[in-house]
Structure formats: C-alpha cells, structure tokens
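2 protein chains.
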Amino acid sequence: MKIVVVLSGGLDSTVLLADLHHKGHDLLALSVNYGQRHRLELAAAESIAKDYRVPWHLAHLGTARELLGGSSQTSDDVPVPHGHYTDETMKQTVVPNRNMILLALAGALAISRKADAIAYAAHAGDHAIYPDCRPAFTEALAPVFVLADWRPITLLTPFIAWLKADIVRRGGQLAVPFERTYSCYEGEAEHCGACGTCVERQEAFALAGLPDPTTYRLAHA
Amino acid sequence: MKIVVVLSGGLDSTVLLADLHHKGHDLLALSVNYGQRHRLELAAAESIAKDYRVPWHLAHLGTARELLGGSSQTSDDVPVPHGHYTDETMKQTVVPNRNMILLALAGALAISRKADAIAYAAHAGDHAIYPDCRPAFTEALAPVFVLADWRPITLLTPFIAWLKADIVRRGGQLAVPFERTYSCYEGEAEHCGACGTCVERQEAFALAGLPDPTTYRLAHA
Numbered sequence: 000m001k002i003v004v005v006l007s008g009g010l011d012s013t014v015l016l017a018d019l020h021h022k023g024h025d026l027l028a029l030s031v032n033y034g035q036r037h038r039l040e041l042a043a044a045e046s047i048a049k050d051y052r053v054p055w056h057l058a059h060l061g062t063a064r065e066l067l068g069g070s071s072q073t074s075d076d077v078p079v080p081h082g083h084y085t086d087e088t089m090k091q092t093v094v095p096n097r098n099m100i101l102l103a104l105a106g107a108l109a110i111s112r113k114a115d116a117i118a119y120a121a122h123a124g125d126h127a128i129y130p131d132c133r134p135a136f137t138e139a140l141a142p143v144f145v146l147a148d149w150r151p152i153t154l155l156t157p158f159i160a161w162l163k164a165d166i167v168r169r170g171g172q173l174a175v176p177f178e179r180t181y182s183c184y185e186g187e188a189e190h191c192g193a194c195g196t197c198v199e200r201q202e203a204f205a206l207a208g209l210p211d212p213t214t215y216r217l218a219h220a
Numbered sequence: 000m001k002i003v004v005v006l007s008g009g010l011d012s013t014v015l016l017a018d019l020h021h022k023g024h025d026l027l028a029l030s031v032n033y034g035q036r037h038r039l040e041l042a043a044a045e046s047i048a049k050d051y052r053v054p055w056h057l058a059h060l061g062t063a064r065e066l067l068g069g070s071s072q073t074s075d076d077v078p079v080p081h082g083h084y085t086d087e088t089m090k091q092t093v094v095p096n097r098n099m100i101l102l103a104l105a106g107a108l109a110i111s112r113k114a115d116a117i118a119y120a121a122h123a124g125d126h127a128i129y130p131d132c133r134p135a136f137t138e139a140l141a142p143v144f145v146l147a148d149w150r151p152i153t154l155l156t157p158f159i160a161w162l163k164a165d166i167v168r169r170g171g172q173l174a175v176p177f178e179r180t181y182s183c184y185e186g187e188a189e190h191c192g193a194c195g196t197c198v199e200r201q202e203a204f205a206l207a208g209l210p211d212p213t214t215y216r217l218a219h220a
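The listed protein sequences correspond, in order, to chains A and B. Start counting the first sequence at 0; every next residue gets the next number (numbering that gives the first Met the number 0). Start counting the second sequence at 0; every next residue gets the next number (numbering that gives the first Met the number 0).
For reference, chain A alone in the conformation it holds in the complex:
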C-alpha cells in the first residue's frame, strides 16, 4: 500500500513510520511548518525520514500564527504550561483545527502522488485535551477522504486506542531511534523535562519499562 504518513518528528509518528515501514508499505512522509514554537521537530522529522529512506515533504503554512493564534505553540505571548499533560492548563497548547489542516494537506499529497492511504498517530492519551484526536473525530473524517478525490483514500489511525506506553513498547520492538525524536513544547535543543509532552514522554518510557535515552534539562520527579 502507498501511504502518506503525517510525521511530526515526535515519538508517536516516528513509531508509526517505523511500524508501517516494517510492514513493507511504500511510504511518503509529510511534515508541516505552521510556525510552531517546537520547530526543532521538523529537523528531527527530516532526519528520521532519511534514516528510513522515505521521501520527506515539508509544507509551510505562512501567517498561520494569526489563524492558529491563542495557543502556546503558535504565540510567543502565551507561555508553555508546565505540569501534567492532562491538566486543564494543557488546553493552552491546543492549536485550533491542527489535525484537520495537517490531514487535508496529507490528502493533497496523497491525491497528487496517487497514494492509497494517509496515516497519523493520534493515540488514546491525546483525547482529553485535543478535540481533533478523539476517535469520533477520526471516524467522522474517514468518509470525507473517501470522497475527496474520485478515487477513495483510506485514513489509517492504528494507534487511536493505544496509550503512549504501548507506542513506546512497539518502538522498542522496532529499534526506533527514540533519542532522535523530538517532543518538547518549549522548542529548545534539549528537552525541558517539565512541559506536558516531556512529562508524558518520561512517564511512557517508565510505564513501558524501557530506558529513556532522552536528555532532559529537568527530570520529572
């Protein structure tokens, strides 16, 4: 199957890429620069795609800060909240309609390159704060991709019912280079260790019982 993988350069989408690669699919990776604070993930995505010899595409969403404003991830005025990922404050990290935008762009690439499917790595841990990571959102979007072109496109979300620890476990089996994935919302070279995604990342390795190769500025208590 020819599949466009939405690759952020974070842990989840990297394991997704590795898993689909392992299954022998013909892959294309798409990353999107939407002015995110954590732009370093794009360099991670490029290097990971290269590793797996998957053609990498980068789309730029200019002036997206205006459209996507009000989130800590697209506005310099909103600080990145620290603490646990499921805290109410984490809603400040929500970029409005991000997944529909990313998937619509992936759809364009899938149509123009005649791919059969689009894959993205939404997982169960995201549901509480991201409306567009809910299974109901994905289920609603799938029929749209069937109609977006004259030829149907399948929307694959194999991790939708998984916890992040399950993704780490699967990544471990596939020898994913975790140390080269980038999660931190602060966007500095070193993972901060204190923002929601850093806390979640550390917990996932602990729950999976795997060593976390990430260097954190501040290790989670």
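These are computed hints drawn from the structure, not numbers from a lab. None of the hints are false.
In silico SDA-like links for lysine to any residue, alpha-carbon gap of 20 angstroms or less:
#1 B:Lys113 <-> A:Ile128
#2 B:Lys22 <-> B:Ala174
#3 A:Lys113 <-> B:Tyr129
#4 B:Lys113 <-> A:Tyr129
#5 A:Lys113 <-> B:Pro130
Computed from a predicted model, the values in this text were never measured in an experiment.
We have chain A; now place chain B onto it with these hints.
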C-alpha cells in the same frame, strides 16, 4: 450568527458574502494564497471584503505547489485548458483536496475567533469536475466540524443545489459589484474569455438575463 466565509474573490463567494451580509450576520472573510495562477482573485477578495466592511484574513500556503502539483492552476508547466467548463480537459484545473484545505483553515479561524459557522459557495455546476464540491463531500464534512473543537461549528453551503445562473440572479438582487469579482484561470488583469471559468461566467449572466459587466479579451461565441 458569527460566520467565517471562504472568499476567493470570484463571483460565487462574493454573492455568498453579500447574501450573508444582507441577512445581518457577523462575518469574517478568509482567502488563501496557495500559489494559484489566478492570484489576482486575492486582490479582488480584499477589496470586496473592505466594501462590505468585513474583516479580511489571508492565509499563505507556501510550497503548496509541490503538494498541489499537476494542476494548471498551481503548475506553470500545465497550460490552462480552453473550452467549456464541463469538458474532460477541465479536470486539469482541479487542485487536489483544495476545499478540504481551505475549509480546514477556515475552521481554525472559526475556532480561534469563536465563530459559529463556516460558509462556502460550492454550487451545482462544480460537481462534475471537482470531487470536493459534490453534495456528498459536503455532507460528509459537516459532522467533522461538529467535532473539530469542543464547541460545534456549522458548515453552511447554501448554494450547493444552485446553478451559477441562480447565483448571478441573487447577486443582481443584492447589487453585488460583479465587475470587481475575478474568475479567470489565466490570471491576467483582463478576463481571457476562453478558459472554463470565463465561459461559465458568460453563460451564467446570459442564462440569468443580466448584463455582464466583465471585459473579456475574447468574448465567448
């Protein structure tokens, strides 16, 4: 109702803006620069939004030519086909997944500005060549917008069953400044008169029985 209108600067979306404005809604207009050959429509959109005193937002999709390639409207290598809009050759003007991308961006604006709805001007004449203008596509997309945020957003497509002549007629009733709307796929200052949209535009005025104020380089026979 607070509504984000997808405003291309062409005839259809301008009449939609005028119609919703006439009905007293609180409007925001969104145009998208996706590297289209007919970029002049963006200047038309800006000036029309200003006329109606509607705040105008422009989103830029950089490097979209790569994603959206293979269409005459995003590639310099593919010439704009001349002839009737419903001819097979007109499929070359299809920009892959354009409407999902535009609507996803409109969704982001609607979420960040707390709008209740998104409106776009897909009409019955588009169905034959644009998969993403089919009523089934719109019907599939509506439930996605209900779930894209914690607060539901309504997708409005009031022209979905109208012919372009019906839109021209409605525009006539509302005294829409047709001469300032821009349709031509060639993208020159003067409408070419020969590309699919120019042919369709001329026909719509003729069918509506209204004078066409557009200057065409080449009038349709």
